[in-house]
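4 protein chains.
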Amino acid sequence: MDLGIHGRRAMVCASSRGLGRACANALAREGAAVVVNGRTAADVAETAAALEAEHGAEIIPVVADVTTAEGRAALLVACPEPDILVLNSAGPPPMPFSRIDGEIWERELHALMVAPLLLLREVLPGMRRRGFGRIVAITSAMVKSPHALMSLSHASRTGLTSVLKGQSRHVARDNVTINQLLPERIDTGRQRELAEHAMKARGITWEEVRAEQIASIAAGRLGTPDEFGDACAFLCSAQAGYISGQSLQLDGGSYEGLW
Amino acid sequence: MDLGIHGRRAMVCASSRGLGRACANALAREGAAVVVNGRTAADVAETAAALEAEHGAEIIPVVADVTTAEGRAALLVACPEPDILVLNSAGPPPMPFSRIDGEIWERELHALMVAPLLLLREVLPGMRRRGFGRIVAITSAMVKSPHALMSLSHASRTGLTSVLKGQSRHVARDNVTINQLLPERIDTGRQRELAEHAMKARGITWEEVRAEQIASIAAGRLGTPDEFGDACAFLCSAQAGYISGQSLQLDGGSYEGLW
Amino acid sequence: MDLGIHGRRAMVCASSRGLGRACANALAREGAAVVVNGRTAADVAETAAALEAEHGAEIIPVVADVTTAEGRAALLVACPEPDILVLNSAGPPPMPFSRIDGEIWERELHALMVAPLLLLREVLPGMRRRGFGRIVAITSAMVKSPHALMSLSHASRTGLTSVLKGQSRHVARDNVTINQLLPERIDTGRQRELAEHAMKARGITWEEVRAEQIASIAAGRLGTPDEFGDACAFLCSAQAGYISGQSLQLDGGSYEGLW
Amino acid sequence: MDLGIHGRRAMVCASSRGLGRACANALAREGAAVVVNGRTAADVAETAAALEAEHGAEIIPVVADVTTAEGRAALLVACPEPDILVLNSAGPPPMPFSRIDGEIWERELHALMVAPLLLLREVLPGMRRRGFGRIVAITSAMVKSPHALMSLSHASRTGLTSVLKGQSRHVARDNVTINQLLPERIDTGRQRELAEHAMKARGITWEEVRAEQIASIAAGRLGTPDEFGDACAFLCSAQAGYISGQSLQLDGGSYEGLW
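Residue numbers (this note's numbering), protein chains in the order written: chain A, 2 to 260; chain B, 2 to 260; chain C, 2 to 260; chain D, 2 to 260.
Simulated from the structure, these hints should not be mistaken for laboratory data.
Treat the hints with care, as some may be off.
Stated by the list, open to error - Covered by chain A, according to a simulated footprint, are these stretches of chain D (three or more residues, beta-carbon under 8 Å): (1) 90 to 101; (2) 106 to 116; (3) 166 to 175.
Stated by the list, open to error - Label-pair restraints from in silico Cβ distances: (4) D102/C - A149/D: 44 to 52 Å; (5) D188/D - E209/B: 34 to 42 Å; (6) G221/D - D102/C: 43 to 51 Å; (7) P94/C - P126/B: 20 to 28 Å; (8) E194/A - R100/B: 54 to 62 Å.
Yeah, the Cβ is synthetic: ideal placement off N, Cα and C, and Gly gets one too.
Chain A with its partners taken away, still in its complex shape (with noise of 0.2 Å):
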């Protein structure tokens, strides 16, 4: 299926590693220029090398911080125009409700919702004026089923979501989408940290976290960052564009509720 983004341009935030990384993989391959972001140089460089490789892709590597002032300059720098945005951030670690005081609050709301609209911010006017944009927010299956463990996540996630649904009915007029997808256990560097938390935490094994993280999912497995990546380059696809405002959640069918 020809996705019609061939030459696009898609700036893919903390895309080095995990699903950021697999949507620029997948971005790369249906022939979009896309920015390759993270935080560490060597990582940005492994990564967009290796996109190069396999895609013959052009490949811009932007080491850059998203959650800082300077980090969403350097991106708008290197890609002052993009047609596609996927905005992605490292998830916060698991922290009971009664430990997280006003500082902490404020520090992965910013990281988490701030700087991902602030970077919105400055794209949208462009994307709305040139008659094309698709952006897609990578948050978490927890938006739709808060964990009392994961308030730091979930809080700025789906305050995430409200702005990006008020938002996509605004913009949809001007052929600009704007969905969410909602990856649960998707077989990253982020289900192995969680699971070494949840060892130390519980004083439980590799393969007993595993076997949980397994059972917890109704297909019986994790998912690939390869399924993910190709769900994130359809909603990227010239011919998704009578879909926006969605929610869409890859959880291996787990989920209980109807919507």
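Given the coordinates of chain A, work out where chains B, C and D should sit on it, guided by the hints.
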């Protein structure tokens, strides 16, 4: 993007016209062998010939009414082991709640809900045994936002939705996914029918109705059948195996709810 | 809190036992004249006598099966102009999807969905004309979180929900509200039935099933019929006139979804 | 209906006016000892006196800004062990997304989301220990249906919602419930503020704005503060202990979504 369904067998109900045809077309383009089905022999033959000519695909024409036991039997004789099943049926006319008696309820519930479930029941065990299945139900945006005049449509389809959701969690382990597409104002004969209904009922012109239809969509346009078909093809792809139980709206970003 | 429904006429379907009785009891306590209905004369008489004795309320006993045209006619003869209507019906047995044939579907869809809608159709115009109506449907938590074994229940009830929602927006202007209560494990005969079904099907003891039922509820207990009845009475109150189209879960805080 | 909260201690934030006052009033009427709180001494004194006079209730006036650490400390000194907590704050002005910079985001997120969570954090452990707690957050209908001009409001409040939902499941076992009321066009000063904002921004008259406000509500009228207060009192009642994690809309039946 390679959808990984070349050679798969796809049964697409009510696919001689409209949204069903758009799905059949996209699946044939991706190399699936496609059952084209409808009640009118000439329509089925015309669509089958067109898809064959355009895509060089294997097309299996089946003239049958999927709302009857005989019709479902004919489909299963022609394609006993489908890998992909697209459930689709003609929508009922708008009707005030006060005019819907028991007989009308039972007829429409049968056509829009019971009949597709009886077909699904035949197909599901084989998909699970073979370890691959992609089921997509075409319903309506009204499943999420019911309208007083469309009770017959959304009652049946929301009921169908809930059974599909319950089953989706149950069969996920066997690499069988069940999703739903919720169209709103895709530019097919159905929109023209509804427009003609409104012209008669309210004494307004084609241009007036059409302007109203467009004004009701945040994107400021109707969707195209090809956009719809490609979304269906994506949900039927090999790489969509981690996506199940989802209700994806194709509504030009119009729905007001967060989800 | 004065609910402002003293002297109102309340028709409560299937109210000789269980959740329906709890609603009838709360409404009688608030001074409404209540139709107590059931299929078994002795149960109806016993409940009617008990409510009369406890609350000194006017009770109108009607032995009738609301799933039949005769039963609905008997209810309307006994109470031609209800101000309050509580829709309720006995739930179907758990059954695997693969065993549900067309006949079973049609029987249960009629009992759980078509029959209440036909009763509603009779009652709604008068409520609108008189400028007061409170309609509450008792459905099930599974309307929001469908379960593979309970297709008969949630298909019918989710379909019912969607019609009620569509109508709720249509009749709001006439001070007629339509809401829904979604019980999960309220301690009635229904939970005992389901427990006995599980004991037989899985060869486990009463204590084991009961412990499972309790463990499935975040509150760590079953709900009481009185809690349920009071929620119903509140939604039927004069001051609940600005609340309509809502699906209120009484599930001890168990549902995982944000809404 | 006896709500079973006579003698309970209720802390109602921002209750000298508007929706908060309506809640304080209903709780005082039911015999709770109520903390009346606001930033303006005269308003607090006037409301406290009025509730005392009308209900003979114990009223604890606290002049304090709940968005500051000092304000929260003052509330907790005045009422160290509340049984009931109503979270409420003044809403932010409408503002286009393009004009919201980092500083504005952080100020409003703090006021509408972080501050109430920090107060909740102080109160929750005691409620759990004592085995009784009723928490109600007053947010906005926009939590479910975001609007492009109200990002500041719904971002904060949807984030808040998700934390409350996660915690509600966690504390249900201790007879602590957490619910949310979503008002839409209740006839308070807030609606007059929004109307005046619209009059200036769009050059239209009071009557025109008011007609628009009314036309946006399915019930064809604004809601009354008393209706709102009574819904709050019901969710704070002893018999609402099995209801938690719910988002109850008071919107005159306007919301289009099934839920």
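Here is how each hint holds up against the structure:
1. Check result for the stretch 90 to 101 of chain D against chain A: holds, 3 residues qualifying (beta carbon to beta carbon below 8 Å, three or more required).
2. With a cut-off of 8 Å between beta carbons, the stretch 106 to 116 of chain D has 6 residues touching chain A; three or more are needed, and the interface restraint holds.
3. Counting residues of the stretch 166 to 175 of chain D whose CB lies closer than 8 Å to any CB of chain A gives 5, which reaches the minimum of 3, so the coverage claim holds.
4. The supplied range of 44 to 52 Å is met by D102/C and A149/D, whose beta-carbon atoms lie about 50 Å from each other.
5. About 36 Å separates the C-beta atoms of D188/D and E209/B, a value consistent with the hinted range of 34 to 42 Å.
6. In this structure, G221/D and D102/C meet the distance hint of 43 to 51 Å, their C-beta atoms being roughly 46 Å apart.
7. Look at P94/C against P126/B: about 22 Å separates their beta carbons, and that is inside 20 to 28 Å.
8. Separation of E194/A from R100/B is about 59 Å and conforms to the stated range, judged on CB atoms against 54 to 62 Å.
Going down the numbered hints, you'll see the structure goes against none, and every one checks out.
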